[in-house]
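Student: Take the sequences, apply the hints, and build the full model.
2 protein chains.
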Amino acid sequence: MTTLPVAPDAFHLYDTTLRDGAQQEGLRLTVADKLKIARLLDELGVDFIEGGWPGANPNDTAFFAAAASGELELEHAKLAAFGATRRVGGKASSDPLTRALVDAQTEVVCLVAKSHDEHVFRALRTDLTENLAMITDTVQFLTGEGRRVFVDCEHFFDGYRANPSYALEVVRASADAGAEVVVLCDTNGGMLPTWMGEIVSAAGAVGVDLGIHCHNDTGCAVANTLAAVDAGAMHVQGTMNGHGERTGNADLVTVMANLQLKYGWSVVPHQNLAKATSISHAVAAVTHVAPNARQPYVGHSAFAHKAGLHASAIKVDANLYQHTDPTLVGNDMRMLVSDMAGRANIQLKGDELGFDLSDREVAARITDRVKQREAAGYSYESADASFELLLRDELGELEAPFAVQKWRVLTSSEPTEEGDSEATVKVAVGERVTSRVGEAFGPLSALDIALRQALTPAFKAVEGFELIDYKVRIIEMGHGTDAIVRVLIDTSDGDRTWTTVGVGTNVVEASWEALHDAYLWGLLPHHAAEPAGVR
Amino acid sequence: MTTLPVAPDAFHLYDTTLRDGAQQEGLRLTVADKLKIARLLDELGVDFIEGGWPGANPNDTAFFAAAASGELELEHAKLAAFGATRRVGGKASSDPLTRALVDAQTEVVCLVAKSHDEHVFRALRTDLTENLAMITDTVQFLTGEGRRVFVDCEHFFDGYRANPSYALEVVRASADAGAEVVVLCDTNGGMLPTWMGEIVSAAGAVGVDLGIHCHNDTGCAVANTLAAVDAGAMHVQGTMNGHGERTGNADLVTVMANLQLKYGWSVVPHQNLAKATSISHAVAAVTHVAPNARQPYVGHSAFAHKAGLHASAIKVDANLYQHTDPTLVGNDMRMLVSDMAGRANIQLKGDELGFDLSDREVAARITDRVKQREAAGYSYESADASFELLLRDELGELEAPFAVQKWRVLTSSEPTEEGDSEATVKVAVGERVTSRVGEAFGPLSALDIALRQALTPAFKAVEGFELIDYKVRIIEMGHGTDAIVRVLIDTSDGDRTWTTVGVGTNVVEASWEALHDAYLWGLLPHHAAEPAGVR
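Here the protein sequences come in this chain order: A and B.
Reading the first sequence from the start, the letters are residues 1 to 535 in UniProt numbering.
Reading the second sequence from the start, the letters are residues 1 to 535 in UniProt numbering.
Please note that the accuracy of each hint is not assured.
[Said to hold, decoys possible] Quick list of the computed label-pair ranges, beta carbon to beta carbon:
| no. | chain 1 | residue 1 | chain 2 | residue 2 | range |
| --- | --- | --- | --- | --- | --- |
| 1 | A | 128 | B | 10 | 45 to 51 Å |
| 2 | A | 415 | B | 71 | 49 to 55 Å |
| 3 | A | 30 | B | 525 | 37 to 43 Å |
| 4 | B | 10 | A | 76 | 50 to 56 Å |
| 5 | B | 358 | A | 107 | 39 to 45 Å |
| 6 | A | 274 | B | 68 | 50 to 56 Å |
| 7 | A | 466 | B | 460 | 47 to 53 Å |
| 8 | A | 96 | B | 525 | 45 to 51 Å |
| 9 | A | 74 | B | 368 | 31 to 37 Å |
| 10 | A | 372 | B | 71 | 24 to 30 Å |
| 11 | B | 105 | A | 403 | 28 to 34 Å |
If you're looking for bench data, these hints aren't it; they were derived computationally from the structure.
Values in this document were obtained by computation on a predicted structure and should not be read as measured data.
In this text, a Cβ means the ideal position worked out from N, Cα and C, and glycines have one as well.
Tutor: Laid out in structure tokens, this is it:
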């Protein structure tokens, strides 16, 4: 096995989710969002958090003001403000954007500098000497103001290929001016790992600590980052969940896990790495970007096994089928219920939920029922609570605490103060039948209110139930509005979160089914084993 | 720059979307789906298509039967059937699963063989010699039946690390028995590129054509594949869009584009590569797995630019900001309208849609309006048709061909034959006011029917409009059912597809808004420039 480099003493992780990550299509972060994410990053244990570009983006200016005013208390991480070298022909000391960097009151400032001659000519519209002067002036001004300065060499790799000596001059000028770390950026993301070593080594010859900043345009952001580390980079930039412009930045979660679990470096304490999955998902909740189930290490599917073939062997030894222990990153191995899986999977899944399905008859009957339902559009892979209801039903262990006799909901373009939707729900609890009306903006809200009111007298617990996520997906495309929709609802009672599924041609009906099952599962006598889906 | 290897004469791409890709959580493929995908793969120009595991999976058996019966005519690609070595202590000639491979009537058979000693002991429950005998017997039997045989060495890299000499013995036994290609599989996906070269070279010393099969558990599937190619592998396995179990397989689209555009190999004709984006999305439509907007090369965001900073420079020379020409893979550069973007973006976007926004006043007013709407939850990045309506409205160039005066929809748990939802829509076209009722399963369907009926007399065109995708997303999580939902509707008239957005606390209301705008945009006088969103 090729030996791996040992961790440099000063190795650090630099997160730029709040700045470069926020460039992602469809991603918008409020100041409150940024504060939440910064706290999560600190909890994860990154060394530096780039908060944004003060002066250039009002939101970012406000974020740094909030942080400086004490709204952001960081245990370990240092805050960094991002900015550019001073404008052509000006002075750093009098450049408003450079001043804004000082006003951000961060320990660290990360400056972007042009290192590709073409960009100097065509984007900056100046000459190569002035660009170097801009770097020297700005770095010296900021170090003079007591800042630790990092320099991002924009388009460094493309620049090196076009004009190696100038690209290296930019590294040298940054170092000479007092930059603590010079970061080599693959801004357009076109690099491959095999090209990294030579270029990073050439920059290393300048004799300054090097950083690496990669984008994923060739699908190699993580590998390019590791290749740069192998060549001596001691500072790694990336973003949570690989957020970023175009194809995104290097996923810092994956890089961190690779360095910790494959290289054997301790880049963060092990107990922090064990929070990676929950922190990654918490960040996704703030960014409103659906988590990628296939994300390495922390994805919902990252340790999920479907193949009936493996299912039996996994019983023998799970480690034969996973590249690392999922608990090290706070994830779990999951067996999937699906039409590709045979009885073995269903039985394993049953064990997971605390049901004995060793009886082949029963297991076969449940497997058939699952196959039928999945053929109709249901998916139990992501809805363990609904699967448990099906299981209990087949096992004759489902005593529904309530029965809905009837429901209806009206929505119109002429809302009252209470809303535009009016729902009626008629529920029987034992002998007692209750009808309730709910008014709200939205049929699901109205139905939720009506059902909640009808159940509350008998079941205090429902007051604690909250719908925390609601997803609708069309599952037969190209059929116009007759297409079947699948609704997934996540409900929480503060301790537990459970997922239920509803399917139909009618989004309201499917939503109602998922809502109904959410209340039903929540009101079942507490189970020994929680569904794997519960997080 | 490190020199890259030249393409070996016999280099080929082997797609396993239909077999290993189908292991992905939530993915289910019917025989019809598999036939569709196989045709798309052939159009893309892959050399081999692994169709499934005949005998082990009824669906796959049916697929090969359909293919053999002439339902699948391939221009270039060869079909391969996947299977395992014969059972312990048996004979390949009498093993029903081995027979099923022959019955599949494919030119190629790909056999999975154990190459990790622990898996031989604990999963197969036999000894190392019998495992070699199983390989020899099965390969010889199938070559005897006139099949070209490839061998997938399962868990090869973990096996090599545990017991290098045995792992190599498996490669040798496969080659000696007549295997044409021996494929090294990183089944658990724990490899890193830096470890690849040594192990692949060691296997290469056996003197047989090598293939590579990677999974993405370390986020390095593409890079690991390229590293193996650098070390001499001439056969690359992967899946469309990186589908696969856990974190997925190597994305064959990305690997292909890297080899073609970065290595300069012509693995497929250039005109095929130019179909990569549309074929990748067509496959996603069949798998029902939402395309990853950040997918390298072919993702919807892969060449999308958001930063106001770049927007102005991109005007100078787009190639300064992209790693390759997006048209080579059938993708486009897109400028995004978003609250991070300033006037420059809005103006570029206007140009794209064929509007002159050079007037700073107008551009600023539109930018403000966009900011307000995005603050309320709208997203125009993915809804160019709605953006154009906003643009025309601000420019006073929006003459709505119809005006909805009123609508309502009732949904209940007691459906009639016509459905469970009844909608009324009152529309004015010029002086003429029409009310129509629509009944259907689902409020959106009912509203669509009513609106369609009310508009048809005046506008024949609406008969050709079809809603082809409908997405609902909660955009304020943690607020229970009061959360705001964003609805995106894709409508097609056969030639064009356009996207509209609706936002509200009410999924029906938001859906209505998107539906209304879809009809409105579709009925506008035909535009010179189609929105970039139009595909």
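Student: So, for every hint listed, does it hold in this structure?
Tutor: Each hint tested on the structure:
1. A:128 with B:10: 45 to 51 Å: Check passed, 47 Å falls within 45 to 51 Å.
2. A:415 with B:71: 49 to 55 Å: holds (53 Å)
3. A:30 with B:525: 37 to 43 Å: holds (39 Å)
4. B:10 with A:76: 50 to 56 Å: 53 Å Cβ-Cβ, so the 50 to 56 Å window holds.
5. B:358 with A:107: 39 to 45 Å: holds (44 Å)
6. A:274 with B:68: 50 to 56 Å: Hint holds: Cβ distance 51 Å, inside 50 to 56 Å.
7. A:466 with B:460: 47 to 53 Å: holds (49 Å)
8. A:96 with B:525: 45 to 51 Å: holds (47 Å)
9. A:74 with B:368: 31 to 37 Å: holds (35 Å)
10. A:372 with B:71: 24 to 30 Å: Because 26 Å falls inside the window, the suggested range holds.
11. B:105 with A:403: 28 to 34 Å: 55 Å Cβ-Cβ, so the 28 to 34 Å window is violated.
Taken one by one, the earlier hints fail for this structure only at number 11.
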